[in-house]
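Chains A and B supply the protein sequences, listed in that same order.
Our numbering puts the first residue of the first sequence at 1, with every later residue one more than the last.
Our numbering puts the first residue of the second sequence at 1, with every later residue one more than the last.
Be aware that a few hints might be false.
[Unchecked claim] Only pairs whose alpha carbons sit at most 27 angstroms apart, straight line, appear in this in silico DSS-like list of lysine-lysine: (1) B:Lys225 to B:Lys347; (2) A:Lys208 to B:Lys349; (3) A:Lys208 to B:Lys350; (4) B:Lys35 to A:Lys208; (5) B:Lys119 to B:Lys156; (6) B:Lys180 to B:Lys256; (7) B:Lys156 to A:Lys208; (8) B:Lys180 to B:Lys203; (9) A:Lys304 to A:Lys49; (10) B:Lys284 to B:Lys180; (11) A:Lys208 to B:Lys347; (12) B:Lys124 to B:Lys156; (13) A:Lys304 to B:Lys256; (14) B:Lys257 to B:Lys225; (15) B:Lys348 to B:Lys203; (16) B:Lys176 to B:Lys156; (17) A:Lys208 to A:Lys178; (18) B:Lys225 to B:Lys284; (19) B:Lys284 to A:Lys208; (20) A:Lys208 to B:Lys304; (21) B:Lys124 to B:Lys203; (22) A:Lys277 to A:Lys49; (23) B:Lys225 to A:Lys49.
[Claimed, not checked] Computed footprint of chain A on chain B; a stretch qualifies when at least three of its residues, placed anywhere within it, have a C-beta under 8 angstroms from a C-beta of chain A: (24) 37-50; (25) 88-102; (26) 105-115; (27) 150-160.
I should point out that these hints are in silico values taken from the structure, not numbers from a laboratory.
Quick caveat: nothing in here was measured; it's all calculated off a predicted structure.
Built from N, CA and C at the ideal position, the CB exists for glycine as well.
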Amino acid sequence: MRGYLGVDVGSVSTNLLTTDEQGNIIASLYIRTQGQPIAAIQEGLALLKKELPADFQVCGAGATGSGRTLAGVIVGADLVKNEITAHAIAASRLVPNVQTVLEVGGQDSKIIILREGVVTDFAMNTVCAAGTGSFLDHQAERLNVPIEDFGTYALQADNPVRIAGRCTVFAESDMVHKQQLGYSLQNIIAGLCEALVRNYLNNVARGKDILPPVVFQGGVAANIGIKAAFEKALGTPVYVPDHYGVMGAWGAALLAQENMSTGKNGASSFRGFEAAKLDYEASSFDCQGCPNQCEVVSISMEGKVIGRWGDRCGRWENMLGNT
Amino acid sequence: MGNSPPVFKQILSELGYDVVVPPPPSRRTLDLGTKYAPEFACIPFKILLGSYLEAIDLGADTIISTGGVGPCRAGYYGELHRGILHDLGHDVDLIIIEPPLKRPADFLRAMYLLFRERKAPLWKLPDIFWRAWLKLNAIDCVEKASHDIRTFEIDKGETTTVFRQCMEILDAAQSKIEIKEATDASLELLSAIPQDRSRDPIKIGLIGEIYVVLEPLANHNVQVKLEEMGVLVHRSIYLAEWTQNNALTNREYDVKKAAEPFLSELVGGHGRNSIGETVLYAQKGFDGVIQLAPFACIPEIVAKSILPYVSRKLNIPVMTLFLDEQTGEGGIRTRLEAFVDLLVQRKKKKEGQLACVGI
Numbered sequence: 001m002r003g004y005l006g007v008d009v010g011s012v013s014t015n016l017l018t019t020d021e022q023g024n025i026i027a028s029l030y031i032r033t034q035g036q037p038i039a040a041i042q043e044g045l046a047l048l049k050k051e052l053p054a055d056f057q058v059c060g061a062g063a064t065g066s067g068r069t070l071a072g073v074i075v076g077a078d079l080v081k082n083e084i085t086a087h088a089i090a091a092s093r094l095v096p097n098v099q100t101v102l103e104v105g106g107q108d109s110k111i112i113i114l115r116e117g118v119v120t121d122f123a124m125n126t127v128c129a130a131g132t133g134s135f136l137d138h139q140a141e142r143l144n145v146p147i148e149d150f151g152t153y154a155l156q157a158d159n160p161v162r163i164a165g166r167c168t169v170f171a172e173s174d175m176v177h178k179q180q181l182g183y184s185l186q187n188i189i190a191g192l193c194e195a196l197v198r199n200y201l202n203n204v205a206r207g208k209d210i211l212p213p214v215v216f217q218g219g220v221a222a223n224i225g226i227k228a229a230f231e232k233a234l235g236t237p238v239y240v241p242d243h244y245g246v247m248g249a250w251g252a253a254l255l256a257q258e259n260m261s262t263g264k265n266g267a268s269s270f271r272g273f274e275a276a277k278l279d280y281e282a283s284s285f286d287c288q289g290c291p292n293q294c295e296v297v298s299i300s301m302e303g304k305v306i307g308r309w310g311d312r313c314g315r316w317e318n319m320l321g322n323t
Numbered sequence: 001m002g003n004s005p006p007v008f009k010q011i012l013s014e015l016g017y018d019v020v021v022p023p024p025p026s027r028r029t030l031d032l033g034t035k036y037a038p039e040f041a042c043i044p045f046k047i048l049l050g051s052y053l054e055a056i057d058l059g060a061d062t063i064i065s066t067g068g069v070g071p072c073r074a075g076y077y078g079e080l081h082r083g084i085l086h087d088l089g090h091d092v093d094l095i096i097i098e099p100p101l102k103r104p105a106d107f108l109r110a111m112y113l114l115f116r117e118r119k120a121p122l123w124k125l126p127d128i129f130w131r132a133w134l135k136l137n138a139i140d141c142v143e144k145a146s147h148d149i150r151t152f153e154i155d156k157g158e159t160t161t162v163f164r165q166c167m168e169i170l171d172a173a174q175s176k177i178e179i180k181e182a183t184d185a186s187l188e189l190l191s192a193i194p195q196d197r198s199r200d201p202i203k204i205g206l207i208g209e210i211y212v213v214l215e216p217l218a219n220h221n222v223q224v225k226l227e228e229m230g231v232l233v234h235r236s237i238y239l240a241e242w243t244q245n246n247a248l249t250n251r252e253y254d255v256k257k258a259a260e261p262f263l264s265e266l267v268g269g270h271g272r273n274s275i276g277e278t279v280l281y282a283q284k285g286f287d288g289v290i291q292l293a294p295f296a297c298i299p300e301i302v303a304k305s306i307l308p309y310v311s312r313k314l315n316i317p318v319m320t321l322f323l324d325e326q327t328g329e330g331g332i333r334t335r336l337e338a339f340v341d342l343l344v345q346r347k348k349k350k351e352g353q354l355a356c357v358g359i
């Protein structure tokens with residue numbers, strides 16, 4: 001069997017996914033990055049291999065997410081793409097006439113505006129509205145509510161509390177204050193969801209023309225409380241795809257598929273699932289070549305340098321030839 | 001700022017001063033500036049302060065800087081810098097050169113301070129300034145050539161390496177003839193770079209506040225990054241051009257006129273220019289515009305709030321990057337890549353290469 005691989009390495013989660021030759025998802029995986037992207041990618045590759053038919057052959061691999069450069073080097077990706085494009089591609093594959101994509105992940109929030117299948121505008125959180133996923137995770141733990149049930153609690157609210165949501169630190173202190181006034185857990189959680197949505201719409205989506213159909217993806221889309229808050233604020237149904245958590249990885253796989261069909265490069269440079277067993281090491285140093293003093297990162301596989309980046313002038317990157 | 005320091009070094013050393021050129025702004029400069037600057041000062045303020053402190057470390061006892069007018073904080077920066085440096089116990093003179101057209105008295109005073117100790121005879125002055133002017137133009141000319149070539153270079157990074165050599169050649173040139181020869185030699189070196197002219201790049205205009213547009217440390221080297229992604233980038237500001245159009249004469253009528261339907265007031269800094277330049281880029285058929293703005297810069301915020309309207313009206317995508325010492329490299333790169341993807345998609349669609357979805 002032949003197919004494509006997509007890897008999305010984010011700050012909180014690492015997602016791997018394989019598709020068949022038509023781009024349909026056949027296996028996907030969502031694991032925690034836990035600050036160790038290399039280990040997470042390797043673990044993911046090993047787990048994914050178990051779910052795939054023995055004769056599965058990767059004929060194209062794509063990497064995305066904030067760790068895309070690293071992931072690209074480690075798996076030997078044919079294509080490394082930013083997560084905005086990857087998410088847009090996946091969403092428009094699923095809902096061909098999608099006009100708005102709301103994407104809320106662990107650290108980043110984005111909004112992507114499409115018209116007739118083409119991205120026409122996008123925005124990413126800048127000053128704040130960041131870390132929504134991590135924040136919800138943290139609050140669930142603090143409130144002693146399993147994160148999976150967080151949304152259910154929110155839906156049970158009869159009168160959501162208004163929580164100041166300028167940024168997550170303020171939201172937290174205001175939330176603690178509301179708890180201490182004696183509000184119910186359900187109303188507080190619902191208020192929190194609404195605060196985060198308000199914050200997203202005021203900061204990330206400011207000035208954007210939000211038209212239906214609206215697709216909501218990223219790890220936070222698991223939270224039905226946030227989905228409901230979005231629907232309430234926007235006054236339009238919000239569609240959450242089945243594979244909401246791995247849409248970035250799917251986009252990367254779809255882009256790899258397209259790249260392999262149009263590109264001139266014949267065989268995939270995928271290193272194979274054996275990459276899970278290889279020994280990777282990352283190191284860094286400050287280049288003293290000029291006053292820029294760039295911090296250069298280098299990744300080696302089995303003792304051999306396979307990737308370098310971070311230097312502005314390209315002197316270290318270029319030493320590798322065309323890696 | 002940018003590649004201009006050698007020119008000012010040349011003027012001052014020919015006037016008879018010992019000149020200390022602080023190293024090009026680096027993370028260290030920014031860290032130093034951030035440490036002593038007010039938190040909400042903009043990034044140009046912080047980098048300048050850092051550079052002053054680095055220059056003082058190297059033994060400078062007089063600092064020359066430029067002032068500004070209009071509703072932007074920059075006009076007050078000199079005073080604030082002076083205060084901070086004195087509070088830190090540095091006994092330095094800060095000479096602020098104000099725009100001669102708008103603040104003639106201050107300008108003359110600065111000139112008096114500047115020339116008080118000059119050792120060069122008066123009759124030499126026109127020549128000194130004329131050669132500096134030629135050099136500034138030569139630097140701009142070579143830099144523009146490098147930008148025209150980088151997009152098409154076959155080996156990524158080669159233009160940057162050659163450009164650095166060119167700057168050294170230009171730095172060494174003193175006389176008019178040498179400057180001319182150095183310019184020719186630089187242009188020749190650049191044009192010898194292997195290029196693939198069959199590429200059909202998208203075109204992006206860079207607009208925004210002058211300091212962050214010109215200083216690569218402040219803007220994370222966006223122009224070079226974009227060019228290495230295969231984009232043809234036109235920058236709205238080059239120093240020689242700008243000096244000519246602003247400080248010496250007043251010749252920005254076309255930009256102001258272009259901005260007029262959207263913004264007819266002076267909002268300080270480069271706010272009105274940002275609007276006007278976007279309009280001009282749209283008229284010239286550019287695929288997109290990137291606005292570079294220091295975080296919390298009022299003129300650019302005013303421009304930013306008008307730009308979505310300009311963008312819709314003239315059908316040209318605009319992306320704003322706000323920059324300060326907190327700006328992360330990863331975020332900038334992701335946004336640039338996504339913006340380029342967006343423009344490529346649009347272009348393909350316009351040319352009918354795109355059936356429906358996909359890139």
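Cross-check of the supplied hints:
1. B:Lys225 to B:Lys347: Holds, at about 20 angstroms.
2. A:Lys208 to B:Lys349: Roughly 22 angstroms separates the two Cα atoms, so the pair holds.
3. A:Lys208 to B:Lys350: Measuring from Cα to Cα gives roughly 22 angstroms; hence the hint holds.
4. B:Lys35 to A:Lys208: Given that 27 angstroms is the threshold and the Cα spacing comes to 36 angstroms, the pair is violated.
5. B:Lys119 to B:Lys156: 47 angstroms, violated
6. B:Lys180 to B:Lys256: 34 angstroms, violated
7. B:Lys156 to A:Lys208: Since the Cα atoms of Lys156 (chain B) and Lys208 (chain A) sit roughly 36 angstroms apart, the hinted pair is violated (cutoff 27 angstroms).
8. B:Lys180 to B:Lys203: 30 angstroms, violated
9. A:Lys304 to A:Lys49: 25 angstroms, holds
10. B:Lys284 to B:Lys180: 31 angstroms, violated
11. A:Lys208 to B:Lys347: 21 angstroms, holds
12. B:Lys124 to B:Lys156: 44 angstroms, violated
13. A:Lys304 to B:Lys256: This hinted pair is violated, its Cα atoms lying about 57 angstroms apart.
14. B:Lys257 to B:Lys225: Violated, because 31 angstroms separates the two Cα atoms, which is more than 27 angstroms.
15. B:Lys348 to B:Lys203: 13 angstroms, holds
16. B:Lys176 to B:Lys156: Violated, at roughly 34 angstroms.
17. A:Lys208 to A:Lys178: Outside the cut-off at roughly 32 angstroms; violated.
18. B:Lys225 to B:Lys284: It holds: about 23 angstroms lies between the C-alpha atoms, which stays within 27 angstroms.
19. B:Lys284 to A:Lys208: The hint holds at about 26 angstroms.
20. A:Lys208 to B:Lys304: 13 angstroms, holds
21. B:Lys124 to B:Lys203: Measuring from Cα to Cα gives roughly 44 angstroms; hence the hint is violated.
22. A:Lys277 to A:Lys49: Distance of about 12 angstroms is within 27 angstroms: holds.
23. B:Lys225 to A:Lys49: 37 angstroms, violated
24. 37-50: That given contact is violated, which follows from only 0 residues of the stretch 37-50 of chain B lying within Cβ reach (below 8 angstroms) of chain A.
25. 88-102: Contact hint for the stretch 88-102 of chain B vs chain A: violated, 0 residues under 8 angstroms.
26. 105-115: violated (count 0)
27. 150-160: Holds, because 4 residues of the stretch 150-160 of chain B bring their Cβ atoms closer than 8 angstroms to Cβ atoms of chain A.
Taken one by one, the earlier hints fail for this structure at numbers 4, 5, 6, 7, 8, 10, 12, 13, 14, 16, 17, 21, 23, 24, 25 and 26, listed in ascending order.
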